[in-house]
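Q: Sequence:
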Amino acid sequence: MTDLLRIRNFAIIAHIDHGKSTLADRLIQYCGAVTDRDLREQMLDTMEIERERGITIKAQTARLEYKASDGFTYQINLMDTPGHVDFTYEVSRSLAACEGSLLVVDASQGVEAQTLANAYLAVDSGHEIISVLNKIDLPAAEPENVRKQIEDVIGIDASEAIPVSAKTGQGIKEVMEALVAKLHPPMGILSAPLKALLVDSWYDPYLGVVVLVRVYDGVLKRGMKVRFIGADALHQIDSVGIFTPKQTSVDTLLPGEIGYITASIKHVSETMVGDTISEEKCQTKDVLPGFQPSIPVVFCGLFPVDSANFEDLRESLGKLQLNDASFHFEAETSAALGFGFRCGFLGLLHLEIVQERLTREFNLDLITTAPSVVYQVYGTAGELQKIHNPADWPANTQISRIEEPWIRASILVPDNYIGQVLTLCQERRGEQLELTYAGQRAMAVYRLPLNEVVFDFYDRLKSVTRGYASFDYQLENYRESELVKVSILVNAEPVDALSMIVHRSQAEHRGRAICARLKDLIPRQLFKIPLQAAVGAKIIARETISALRKDVTAKCYGGDVSRKRKLLEKQKEGKKRMRQFGAVEIPQTAFIEALRISDNS
Numbered sequence: 002m003t004d005l006l007r008i009r010n011f012a013i014i015a016h017i018d019h020g021k022s023t024l025a026d027r028l029i030q031y032c033g034a035v036t037d038r039d040l041r042e043q044m045l046d047t048m049e050i051e052r053e054r055g056i057t058i059k060a061q062t063a064r065l066e067y068k069a070s071d072g073f074t075y076q077i078n079l080m081d082t083p084g085h086v087d088f089t090y091e092v093s094r095s096l097a098a099c100e101g102s103l104l105v106v107d108a109s110q111g112v113e114a115q116t117l118a119n120a121y122l123a124v125d126s127g128h129e130i131i132s133v134l135n136k137i138d139l140p141a142a143e144p145e146n147v148r149k150q151i152e153d154v155i156g157i158d159a160s161e162a163i164p165v166s167a168k169t170g171q172g173i174k175e176v177m178e179a180l181v182a183k184l185h186p187p188m189g190i191l192s193a194p195l196k197a198l199l200v201d202s203w204y205d206p207y208l209g210v211v212v213l214v215r216v217y218d219g220v221l222k223r224g225m226k227v228r229f230i231g232a233d234a235l236h237q238i239d240s241v242g243i244f245t246p247k248q249t250s251v252d253t254l255l256p257g258e259i260g261y262i263t264a265s266i267k268h269v270s271e272t273m274v275g276d277t278i279s280e281e282k283c284q285t286k287d288v289l290p291g292f293q294p295s296i297p298v299v300f301c302g303l304f305p306v307d308s309a310n311f312e313d314l315r316e317s318l319g320k321l322q323l324n325d326a327s328f329h330f331e332a333e334t335s336a337a338l339g340f341g342f343r344c345g346f347l348g349l350l351h352l353e354i355v356q357e358r359l360t361r362e363f364n365l366d367l368i369t370t371a372p373s374v375v376y377q378v379y380g381t382a383g384e385l386q387k388i389h390n391p392a393d394w395p396a397n398t399q400i401s402r403i404e405e406p407w408i409r410a411s412i413l414v415p416d417n418y419i420g421q422v423l424t425l426c427q428e429r430r431g432e433q434l435e436l437t438y439a440g441q442r443a444m445a446v447y448r449l450p451l452n453e454v455v456f457d458f459y460d461r462l463k464s465v466t467r468g469y470a471s472f473d474y475q476l477e478n479y480r481e482s483e484l485v486k487v488s489i490l491v492n493a494e495p496v497d498a499l500s501m502i503v504h505r506s507q508a509e510h511r512g513r514a515i516c517a518r519l520k521d522l523i524p525r526q527l528f529k530i531p532l533q534a535a536v537g538a539k540i541i542a543r544e545t546i547s548a549l550r551k552d553v554t555a556k557c558y559g560g561d562v563s564r565k566r567k568l569l570e571k572q573k574e575g576k577k578r579m580r581q582f583g584a585v586e587i588p589q590t591a592f593i594e595a596l597r598i599s600d601n602s
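End of the sequence shown sits at 602 in the numbering used here; the numbers just go up one at a time, nothing left out.
Simulated from the structure, these hints should not be mistaken for laboratory data.
A few of these clues could be false.
[Unchecked claim] Each pair of labels, with its calculated beta carbon distance range:
1) Ala332 - Pro524: 28 to 34 Å
2) Pro206 - Leu235: 21 to 27 Å
3) Asp252 - Arg480: 52 to 58 Å
4) Gly339 - Glu175: 57 to 63 Å
5) Asn146 - Pro206: 47 to 53 Å
6) Asn146 - Asp71: 46 to 52 Å
7) Arg461 - Leu569: 46 to 52 Å
Computed from a predicted structure; not experimentally measured.
Think of the CB as a built atom: it goes at the ideal place given N, C-alpha and C, for glycine as much as any other residue.
Assemble the whole structure, with the sequences as input and the hints as a guide.
A: Below you can see the structure in the form of structure tokens.
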């Protein structure tokens with residue numbers, strides 16, 4: 002049994018690509034938790050897509066044993082967290098289970114947007130923060146400048162920041178000694194009623210739902226009947242274990258320890274993240290505060306290319322949700338695309354990851370509609386509707402006002418690119434709040450409408466700054482705005498899958514762009530096809546696909562000209578009737594291409 006004073010729980014936090022997972026690998030290797038034969042890169046990134054992209058999506062934990070210079074052996078529980086803004090929810094959950102944080106900063110790149118955001122999350126959680134300057138083996142490393150940046154931009158003392166190379170292993174011993182010396186041990190009472198925090202849960206096809214827990218008071222052991230207080234569910238624990246980082250069974254989890262439990266739970270919905278777990282016989286009265294539930298901010302429709310795969314898609318989304326509680330979906334139908342699902346995500350990378358997993362793990366061929374955000378639409382009678390699907394948009398006569406979500410964005414960029422960044426933000430209806438400098442880097446803080454960010458803002462930002470900018474945002478509030486629904490009509494029939502919500506000032510530009518694109522994508526018919534963009538009853542843009550013309554006068558050799566005229570008039574009447582009753586088949590490829598570029602033009 003490990004003494005509470007000999008336990009250290011910490012999370013590794015950093016901006017994306019600053020070396021969190023590699024540092025975790027070196028710590029695991031240094032403590033001898035795995036043999037050299039079993040060691041591989043990104044030990045804690047278990048998903049194939051994480052290893053391919055080189056990013057962490059799910060927070061992972063490992064228990065290490067370390068014999069410190071004071072002669073005592075310490076139990077070190079580390080949590081490797083994601084760095085991308087879309088997975089901040091994973092970071093906040095991990096921080097709640099720990100007492101300290103290892104803030105990793107790339108010694109060549111310096112402080113980035115998520116470095117700042119994650120450092121503030123750690124401060125809000127009451128953490129002791131140990132700064133680590135990683136990648137000091139690179140020729141471009143500037144440790145002294147980065148120390149100054151940490152102090153100027155984040156506002157924490159970096160005089161004792163530890164220089165490290167996670168690649169070569171330099172400085173790893175100093176990191177372990179700092180963890181033992183500087184971090185506070187966890188608090189807890191062994192004899193008190195069981196009180197444990199539900200940190201995460203995921204679905205295992207053999208064990209059912211696996212629950213990651215942090216014990217605060219009491220003992221958690223196999224066979225115990227426990228109550229999930231928030232969900233009001235009673236379960237008997239089948240197994241208790243820890244990650245070393247391999248899944249290893251143990252008899253008990255004691256105060257301050259992090260591990261997992263299984264209890265033949267069938268659905269992840271029964272395990273609410275942030276819930277308090279206590280013993281049924283002797284329940285704790287001191288319930289943990291828990292977390293705010295994740296709220297999706299970006300929505301899009303997912304439709305199978307082959308409508309026969311609808312049930313497969315439903316089953317696949319259900320399985321995916323078992324491993325990702327922040328992903329939401331509900332069924333919807335589209336006249337153009339058939340049956341599908343409206344899905345909610347925490348951001349565009351989250352959307353991209355889910356879409357790629359559906360394609361790769363479940364072999365599904367999908368069409369994704371244009372991303373949209375949640376709008377608050379107030380009717381003329383004062384009633385509020387939350388709308389994220391353009392198909393549900395009410396008529397203009399029934400709307401008194403519309404509010405859209407705004408974000409507070411922090412952009413860190415080398416100062417020679419700041420002009421392009423400010424121009425981009427102004428184009429996206431941004432309002433500048435702050436502009437500060439730390440050495441050769443500038444930090445711009447802007448208020449931006451989320452609708453303008455979810456499409457290609459991040460790509461454009463990387464493009465104009467040659468990849469040097471970093472971007473972080475938090476949802477701030479809803480503000481009234483002049484938004485309209487742009488409907489796309491093909492042969493006078495509205496195509497709901499191509500409808501979009503835009504600011505009135507951009508409606509004509511967007512409408513013209515998508516009509517021009519559709520003109521190239523939809524095959525010609527035997528009759529003219531008008532393509533129109535409309536706001537309400539007003540047409541704001543039009544293109545016409547010209548008809549395929551059959552030469553009906555080819556067989557007229559000589560004779561009166563009225564014969565030719567008669568044949569041409571007959572053809573004209575036939576085309577008019579065709580246009581009236583003929584259905585325009587829009588190929589799936591046209592939808593995919595039109596949706597892909599609808600904002601990039």
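Q: Tell me if the beta carbons of Asn146 and Asp71 are separated by a distance inside 46 to 52 Å.
A: Roughly 34 Å apart at Cβ, these two residues miss the hinted range, so it is violated.
Q: Taking the beta carbons of Arg461 and Leu569, is their distance inside 46 to 52 Å?
A: Cβ of Arg461 to Cβ of Leu569: about 50 Å, so the range 46 to 52 Å holds.
Q: Quick one: are Ala332 and Pro524 within 28 to 34 Å, going by C-beta?
A: holds (31 Å)
Q: Okay, Gly339 versus Glu175 on CB: inside 57 to 63 Å?
A: For Gly339 and Glu175 the Cβ distance comes to about 60 Å; the hint holds.
Q: Using the Cβ atoms, figure out if Pro206 sits within 21 to 27 Å of Leu235.
A: holds (24 Å)
Q: Starting from the range 52 to 58 Å, see whether the pair Asp252 and Arg480 falls in it by beta-carbon distance.
A: Given about 55 Å between the Cβ atoms, the range holds.
Q: Between Asn146 and Pro206, does the beta-carbon spacing fit 47 to 53 Å?
A: holds (50 Å)
When held up to the earlier numbered hints, the structure conflicts with hint 6 and nothing else.
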